[in-house]
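Going line by line, the protein sequences match chains D and F. When the letters of the first sequence are read in order and numbered with the working numbering, they come out as residues 1 to 239. When the letters of the second sequence are read in order and numbered with the working numbering, they come out as residues 1 to 289.
It is worth saying that the hints were derived from the structure and are not from the lab. It is possible that part of the hints are untrue.
Stated by the list, open to error - Straight line, CA to CA, 30 Å or less: simulated DSSO-like cross-link-like pairs of lysine-lysine: (1) 238/D x 221/F; (2) 127/F x 3/D; (3) 136/F x 94/F; (4) 231/D x 136/F; (5) 3/D x 24/F; (6) 238/D x 173/F; (7) 260/F x 17/D; (8) 242/F x 238/D; (9) 127/F x 13/D; (10) 94/F x 69/F; (11) 58/F x 3/D; (12) 139/F x 231/D; (13) 221/F x 17/D; (14) 17/D x 231/D; (15) 223/F x 238/D; (16) 58/F x 17/F; (17) 94/F x 231/D; (18) 139/F x 13/D; (19) 105/F x 231/D; (20) 69/F x 13/D; (21) 17/F x 231/D; (22) 94/F x 3/D; (23) 17/D x 110/F; (24) 13/D x 17/F; (25) 58/F x 9/F; (26) 3/D x 223/F; (27) 173/F x 231/D; (28) 32/F x 17/F; (29) 3/D x 238/D; (30) 3/D x 139/F; (31) 3/D x 110/F; (32) 24/F x 110/F; (33) 17/D x 139/F; (34) 24/F x 231/D.
Said to hold, decoys possible - Over 10 Å on every C-beta distance to chain F, these chain D residues come out as not near it, computed from the model: (35) 70; (36) 80; (37) 99; (38) 130; (39) 146; (40) 164.
Here a beta-carbon is modelled for each residue, glycine too, at the ideal position from N, C-alpha and C.
Here's the letter readout for the chains.
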Amino acid sequence: MNKFGILMQDEFKRLAKYNIIQVSLGVTVLWLAVLFLIGRNEAGAFIPLFIFMDVSMMTMLLIGAGLFYERQENTLKTLMVTPVSTPAIIASKIVSAVYIALQSTVLIALAGHFLFDASINFFALIPFVILIAVAHAVIGYLVSMHVRDFTSMIAMLMLYMFIFAFPSIFYAIDMIGGGWETLLIVSPSHAAMLMIDFSFGAEGIGTLTIIGVVYLSFLSIVLMRFFVYPKYIETAIKE
Amino acid sequence: MAETIFEVKNLAFTYPKNGVQALKDVSFRVEKGEVFGLLGPSGAGKSTTQKILTRLLKDYGGLVRYRGKNLREYGDGFYEDIGVGFELPVHFSKLTAVENMDFFKRLYQKNIDYSSLMERVGLGEDKNRLVGEFSKGMKVRLNFVRALLNDPEVLFLDEPTNGLDPANARIIKDLVWEFKERGGTVILSTHLMNDVEELCDRVAFITQGVIREISTPRELKIKHGRREVRVEYHENGRTKDKVFPLDGIGDNPEFLEILKDGSVETIHSGETSLDEIFIKVTGEEISHE
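I would like the entire structure built from these sequences, with the hints used as guidance.
In structure tokens, the structure reads:
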């Protein structure tokens, strides 16, 4: 097995040991339970929202918490003195975050398809979820590396949710009007929401979805190259 | 002639964020098979030097050659050659000691059977316990095992015995000696004089980012030590002591008289400790906390 494969395998083992995979599965089960409680007629409307919250918010939280543990345990630095490149180390963590997001998405979407008659374009949903998870993992990394303690990390993630995620959720459930759409387009959360809605057959958002894809791709690359990567090295060395 | 492992010339480093110049014109060589010590107080530049030599810090001035080749030209394969023992614990607390070692071991092409080493450092019975349950001393010993996992040729150790009881510190020192005996090279950062005296072939005194002196512990003692002999002797029912210059002591009538008298209780050459020599050379003290 090549070194990236070993890193991935070890990353999954570690995520399981730290109960991160189990917590993610638990949250997915919670979403499914809520869908059953909502009932067959209404559940279809909530499935994209739950997938959005899981893939964006949960990814940020889980990857942020994982990295925070690693910072506390000084393990970032010791990985830096192994014959594995830093991009491979970061990539292994992002791939594991994507896996967790996909695991939840697939379970919720399959339940939506078979139990709640939701119309889902899986060929759009899966690549979109991968992109959304990558972008939010990168944001989660960034937040986690700029805070001193766990409480600050939770506070920062909450702040992010208030500024970016909640307006999109309010927009999705018609709590705020269409006039906000122009402003919301700069929000990674809104781009994510558009992409998920598109996968669930929402009409008239094709152009906005393409803009969202380009925006999240660009944002992930820029944040990774100019902020996360140098900050990761700085954080690891400072340990 | 021994192979030069590291050749460091005019090394300089300034931390970009706070502008602090951590290293100024540092030069030294480390030969194959030697234990080279970097001795200095906190903030002296020991860790910065070690971070540069382990390729963690890259924006440095000056030149570092590893085995004759510019260190900047090495890729990640460089880490197959070296083992790094950090001062602070660097393990996943929710994994067992064995799981931690397996995690890191698989990243190297060459590695050792670490079980016997774990036994040796007294972790054999605890190898299947979560590292989070380990004491600080146990984590320090596990750090040492981690550093040797890839059977390195060069070992970087940062305060390897700090926080260990004398018995466990002895085990670590013995293992460092055995590593050296097998031809390994060790670069040791420490503020503990005892480690330097026992382990180092040569030591560099470093303060404020500048190397003040490089020599063997013995030469330092000879060069900077007090050349004197202190005698405690019995006279008129009381214990007295007197210090004599070592030079020409064989012709010193007072000293010879005391010896002839047979009233000598103790006699010591005036060996200066490395602590005292460090203060004399650098004008600074090392905290032993």
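Each hint, compared with the structure:
1. 238/D x 221/F: At roughly 36 Å apart (the allowed maximum being 30 Å), residue 221/F and residue 238/D break the hint.
2. 127/F x 3/D: Distance of about 25 Å is within 30 Å: holds.
3. 136/F x 94/F: Status holds; Cα separation ~15 Å.
4. 231/D x 136/F: Cα-Cα ~28 Å, so holds.
5. 3/D x 24/F: violated (38 Å)
6. 238/D x 173/F: holds (27 Å)
7. 260/F x 17/D: violated (75 Å)
8. 242/F x 238/D: Violated - the C-alpha atoms of residue 238/D and residue 242/F are around 52 Å apart, more than 30 Å.
9. 127/F x 13/D: Measuring from Cα to Cα gives roughly 18 Å; hence the hint holds.
10. 94/F x 69/F: violated (40 Å)
11. 58/F x 3/D: Satisfied, since the Cα-Cα distance of roughly 23 Å is no more than 30 Å.
12. 139/F x 231/D: holds (27 Å)
13. 221/F x 17/D: The hint is violated at about 53 Å.
14. 17/D x 231/D: holds (26 Å)
15. 223/F x 238/D: Status violated; Cα separation ~38 Å.
16. 58/F x 17/F: This hinted pair holds, its Cα atoms lying about 15 Å apart.
17. 94/F x 231/D: Within the cut-off at roughly 25 Å; holds.
18. 139/F x 13/D: holds (21 Å)
19. 105/F x 231/D: holds (26 Å)
20. 69/F x 13/D: violated (38 Å)
21. 17/F x 231/D: Roughly 12 Å separates the two Cα atoms, so the pair holds.
22. 94/F x 3/D: holds (23 Å)
23. 17/D x 110/F: Holds, because 27 Å separates the two Cα atoms, which is no more than 30 Å.
24. 13/D x 17/F: Violated, because 36 Å separates the two Cα atoms, which is more than 30 Å.
25. 58/F x 9/F: holds (15 Å)
26. 3/D x 223/F: Violated, at roughly 51 Å.
27. 173/F x 231/D: With a Cα-Cα distance of about 36 Å, the restraint between residue 173/F and residue 231/D is violated, given a limit of 30 Å.
28. 32/F x 17/F: violated (35 Å)
29. 3/D x 238/D: Cα-Cα ~25 Å, so holds.
30. 3/D x 139/F: The given pair, whose Cα atoms are some 26 Å apart, holds under the 30 Å limit.
31. 3/D x 110/F: Judged against 30 Å, a Cα distance of about 13 Å means the pair holds.
32. 24/F x 110/F: Distance of about 36 Å is beyond 30 Å: violated.
33. 17/D x 139/F: Measuring from Cα to Cα gives roughly 19 Å; hence the hint holds.
34. 24/F x 231/D: holds (26 Å)
35. 70: violated (8 Å)
36. 80: violated (6 Å)
37. 99: holds (18 Å)
38. 130: Nearest chain F Cβ is 26 Å from residue 130/D, so the label holds.
39. 146: Per Cβ check, residue 146/D is outside 10 Å of chain F; nearest 14 Å; holds.
40. 164: Its Cβ never comes within 10 Å of chain F, the nearest being 28 Å, so this holds.
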